[in-house]
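Use the sequences and the hints to build the structure in full.
Chains as they are written, first to last, in the working numbering: chain A, 1 to 328; chain B, 329 to 447; chain C, 448 to 566; chain D, 567 to 662.
Everything labelled a hint here was simulated from the structure, so no lab data went into it.
Any given hint might turn out to be false.
[Stated by the list, open to error] Here are the simulated lysine-lysine pairs, DSBU-like style, with alpha carbons at most 30 angstroms apart:
(1) A:81 with D:661
(2) B:429 with B:360
(3) D:658 with A:81
(4) B:429 with D:658
(5) D:661 with B:429
[Claimed, not checked] If you want the footprint, here are the derived chain A segments under chain B, 3+ residues with CB under 8 angstroms:
(6) 147 to 157
(7) 248 to 255
(8) 262 to 273
[To be verified] Calculated Cβ distances over 12 angstroms to all of chain A for the following chain B residues:
(9) 444
(10) 445
(11) 446
For every residue, glycine included, the Cβ atom is placed at its ideal position computed from N, Cα and C.
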Amino acid sequence: MIEVVFGVFLLTLLVITAVAVVRTENLFVAVMLMSIFSLLMAANFFILDAADVALTEAAIGAGITTVIFLGALALTAQREKRSPNGRFATLGVISVLAALMIWATFDKPRLGDPDAPVHQHVAPWYLEQTPELMGIPNVVTAVLGSFRGYDTLGEVFVVFAACIGVLFVLSAGQGLDRGLFAPDPESEGLRHHLIPKVVGRLLVPFIVLFGLYVQFHGEYGPGGGFQAGAIIATGVILYALLEGEASALNALPRSVLLGMVVGGALLYTGVGVAGMLLGGNFLDYSVLMSDPVIGQQVGIVLIEAGVGITVCGSLLSIFHAFAAREAR
Amino acid sequence: MELLGYFNYWVFAIVFAIGLYAVIAKLNLIKKLLGLAIFQSAVFLMYITMDKVEGGTAPIIQKGIEGQLYSNPLPQVLILTAIVVGVSMTAMGLAIVVRIKEAYGTIEEDEILDSDHTA
Amino acid sequence: MELTLDILSFVLMTTGGAFVLIGGIGALRLPNVYTRLHAASLTDTMASILIIAGIMLQAGFSLAAIKLLAILIFLLLTGPTASYAIANAALLSGLDPQCDGSTVGAADGDDESGEELRS
Amino acid sequence: MLDNAIYLVVSIAILVTMGLAMARAILGPTVYDRVLAANVFGTKTVLLLSVIAFLYGRPDFLDLALTYALINFVGILAVLQFFQSRSRTEAKEAKD
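Written out as structure tokens, the structure reads:
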């Protein structure tokens, strides 16, 4: 009951924010409103009992999305030109579409209905079998890592491909020197600002430590490779903001980042192939150890590590690609 | 009260429409990408709405509690990965926008089309 | 003993809630960025201390209490830093910190200059 | 029961404040008001998540609030960097 009221309030704010993002002409304002949008989404996910998803949205939406959008804004324009009038046809069609979809929702099961068709098929089996087959409490991690391991492998390769794509598109035809967060001989990052520098330096190790906690605690609480990769990447981005991009690249050179992107994906595939060599199917972890339950746990820890490494490397490579681009 | 059970889906439909409107009607490419992100979030919201079970809790099994209901883990897994993929895809889109800006000097769709026609 | 703790945490949390509200109202009502920042950030730290202390009393001595302490410490570190960053960014862009009373009450449409300055 | 009443009062206060911050974010008028509103929103979300974690009786979900407390201000620092680098390029252009 209470949660329904909370949800209604937060969702109303969500709609208002979405309208404001679309209406504003200042793109910088739109990006700021987008970060509020993401906060609201995370709160909603939490209220809807999806702690893992909320943690992912928190790790991605709060830092990385804003930073990447700001990096792109610095390289393009900050203001949108006024759109021409006469978009009423679009508005009309979209309104009709929305009305149709709202009408269709009345056929859907009510929020939280335990008899809804989604809850009848595989989900109860996952919830029942996870403790027996894997012995880990977090069912989301179990499904992500083992039951639907193929799916996650695909997602990792999508992240990998996106990272390679960004690098191809952005590093063509330019010297690697200037940009929003780029090394500037006059001032490197926020070094002149004593307060952010001191506080930030204090926080960087804690963020990375917390990222590692999320990585390795993912079997027991909300967390896992995707969230941990994003959190650690945020920590390094904070370092790059404070000390200038050059220092961050000194600490983690581009070659290391690329190695992480490739290595994580390879680690994931390698675990799958190891299962095949030991006589099981691809991505079947039960054969990794003599005890199938331990084998599953080892497999999940390894592939989560692979996911974390790839996500962290990709997000950082993307950040550096935007930061190093020279504004023309 | 019954109707409030559908509120999440209504919000999904409205936010979905807002995102789609931005993608279609806005000429600025970054605005289009923001619209795409909103659109994406609407879909995330719908999936996560489906996972909720009344009286349930997040699917992290607590020891020693019998008969506890848990929400559906499957939509959560799908969306968890989709969020990270979504941000990589947004970055990819932004990278292309940056290159378009360098090649055409603008990120407004109509101006880009104009300069293509005149060229 | 239990009751005393409950009452104490109730008092802490309601005062914290009041501070949160005051900060929100201040951020909405005051005339320019710097004063709004003042209201928001000042009550932010106080409200966080009170509310989290209240929850900690409820949590007792457990892992949750340690996590709450960590949250409190990080909030107290990052909150003022973020305020500093906002004030500095506003100052860098040449927004005048002087407020001459006349803008009070016209908070909605007054200093468009700050935004115009940007374009 | 009493516990829940406490959490409820606080969470309603936080939700109302979120609404007020949202009003500020939409009214503007300067971009810094929006940044400020986003920051207020961030800290309020941290508080809301910690309160709700206890309201639901699953305190192990405090990790979420901790994540926000740690990384929310990275976005704000990026904003500072954004304006700093732009004011520097503008100064340079004015010199040329």
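Report the numbers of all earlier hints that the structure fails to satisfy, in ascending order.
7 and 8
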